Amino acid sequence: MNLVVVSNRVSRASANEPMTGGLAAALLPVVEKSGAIWVGSSGRVRDGAQKEPFAEIEALGAGALAMLDLPAAHYGGYYEGFANSALWPALHSRTDLIRTCQDDYRSYREVNSFFARALLRFRKPDTAFWIQDYHFLALGAELRALGVTHPLGFFLHTPWPTRDIFGGVPHHRELVEAMLAYDLIGFQTEGDRDNFLSYVDGELSLDTTGGVVMSRYGASRCAVFPIGIDPAKFATHAAKAASHPDVSRLRRSLNGEKLAIGVDRVDYSKGLVNRIEAFDRMLELQPQLKRTVSLLQIATLSRGTIEAYGDLQNQLARLVSDVNGRHGEVDWTPIRYLNKGFSQTVLAGLYRTAQVGVVTPLHDGMNLVAKEYVAAQNPVDPGVLVLSKYAGAANELDTALLVNPHDIDGMARTIATALSMPLLERRMRWEAMMAKLRAGTIQDWFADFVDALGQAHVANDKLPVETLPVVESPVVWPVRSLGAEVSSRFH
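The opening residue of the sequence shown carries number 550 in my numbering; numbering runs sequentially from there.
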């Protein structure tokens, strides 16, 4: 199988360079080894009148990266508009934050159509296309409209909300109907898949028996594929990072005090405000912990041009300043707050240094930071993971200390419990979590999905055409001048 993987962005980063996000970090090692072609945005836009090639292709291990310059007229409406101001808040059950318009949706469909036309250059008889995440819900339908009959798979890295919540997204029916063009639709958890099937059953009145949806496109199998990490590789990073200057300086600065760590993008789904309030509350409830523990919160800035994100950045800065001002001393700062990214190697070293990992999103598809923290621990003296029960990772890492991120006092007590947990209990909890990580690696996730995609497509090919129900076709926006010049370098 000639596999083409598609995501909004691609990653070139090595273990010694800052990573851009969970999806990119997860895909990079498997693409390098699998020989897949990874297609995504270059991070640049182009004017439709430009004549020069807009794509860049380079080797990535056994595979390759293909980076597309996206149309300037539609990138903002597609990315900041519909994808991240309509879909992202809805998928994380925050319909109150939806801010979008008809032009944003048009741009979202235009960019999906643009990607579909670009992908034709990679089509071979044995090609399978694997589309990643909410940026491309409609890409499968656009490919089918262009006559592509190859296997099409889709994996959603975010949660999928309840039927009523997703119904708050403009054009929600058209988008879900378009998703049914995929042979295989993958989710992080059983709950996400069940929510999707409930929507299809209730809104589209389509049969969902056995997790298979029949539509005008044929059969779409809906299944669960929890994404993993490479725990052995991350453990190696952690051991090697002990001598890294950033890690060494952190250890020296602690002066014997304990450390809790959080690593997140600045995003309202990550529960950062609640986490800092819980740390503040812990120091109020147990003042004897002052000067014995600090929180290192790494919070990389993202999507700052979107109002909700800019407001959150300002709120977090004020809150950290307030907590440090009330609890801090001239030689002790309760919260170390950094807005910079670190490489996977350095992060692994920072994780191992911390006695507690605090991963408390309000809602998260999986959250690989939770898995990375566990994998980075010293087996002889492991730290404790405090994990939100609303993260997908909680379904696997059930020996973490699970918390409700809306319960500030409860989180405060749990963090204090983690700090004082005896070694024997820490080891038992850590070993159980490591067994789960080893049983579901990133390589397993990749191989399982690709295998299931092949099976789903073969089964779809065998369906008699007369058995397929007809549903209303999703809107396909008219294409104007979005890429008549596709780089000849794709050949």
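Treat the hints as calculated values from the structure; they're not laboratory data.
Keep in mind that a hint or two might mislead.
[To be verified] Computed cross-link-like contacts, EDC-like style, restricted to lysine to aspartate or glutamate with a CA-CA straight-line distance of at most 16 Å:
| id | residue 1 | residue 2 |
| --- | --- | --- |
| 1 | Lys985 | Glu945 |
| 2 | Lys782 | Asp947 |
| 3 | Lys839 | Asp779 |
| 4 | Lys985 | Asp779 |
| 5 | Lys782 | Glu581 |
| 6 | Lys807 | Asp779 |
| 7 | Lys938 | Glu739 |
| 8 | Lys582 | Asp993 |
| 9 | Lys582 | Asp779 |
| 10 | Lys582 | Glu607 |
| 11 | Lys889 | Asp956 |
| 12 | Lys807 | Asp947 |
| 13 | Lys839 | Glu806 |
| 14 | Lys985 | Asp947 |
| 15 | Lys839 | Asp795 |
Remember, it's a predicted structure, so these values are computed and weren't measured experimentally.
The hints, checked one at a time:
For the given pair, Lys985 sits about 6 Å from Glu945 by alpha-carbon distance, which is consistent with the 16 Å threshold. Distance check on the hinted pair: Lys782 and Asp947 sit about 22 Å apart at the alpha-carbon level, beyond 16 Å; violated. For the suggested pair Lys839 and Asp779, the alpha carbons sit about 36 Å apart, so the restraint of at most 16 Å is broken. Note on Lys985 and Asp779: the hinted pairing holds, with a Cα-Cα distance of about 12 Å set against a maximum of 16 Å.
Annotation: proposed proximity of Lys782 to Glu581 holds, straight-line Cα distance about 14 Å (limit 16 Å). For the hint pairing Lys807 with Asp779, the CA-to-CA distance comes to about 27 Å; that exceeds 16 Å, so the pair is violated. A hinted pair counts as satisfied when its Cα atoms are at most 16 Å apart, and Lys938 with Glu739 qualifies at roughly 14 Å. Of the pairs offered as hints, the one joining Lys582 and Asp993 holds, with about 13 Å between alpha carbons and a cut-off of 16 Å not exceeded.
As the CA atoms of Lys582 and Asp779 are separated by approximately 13 Å, the hinted pair is consistent with the 16 Å bound. With a C-alpha separation of about 15 Å, the suggested pairing of Lys582 with Glu607 holds against the 16 Å cut-off. The hinted pair formed by Lys889 and Asp956 fails the criterion: a straight-line CA distance of about 28 Å is larger than 16 Å. Among the hinted pairs, Lys807 with Asp947 is inconsistent with the structure: their alpha-carbon atoms are about 24 Å apart, more than 16 Å.
Distance restraint check for Lys839 and Glu806: the Cα-Cα separation of roughly 10 Å lies within the 16 Å cut-off, and the hinted pair is therefore satisfied. As the CA atoms of Lys985 and Asp947 are separated by approximately 10 Å, the hinted pair is consistent with the 16 Å bound. At roughly 24 Å between alpha-carbon atoms, Lys839 and Asp795 are farther apart than 16 Å, so this suggested pair is violated.
In the structure shown, a violation is registered for the earlier hints numbered 2, 3, 6, 11, 12, 15, in ascending order.
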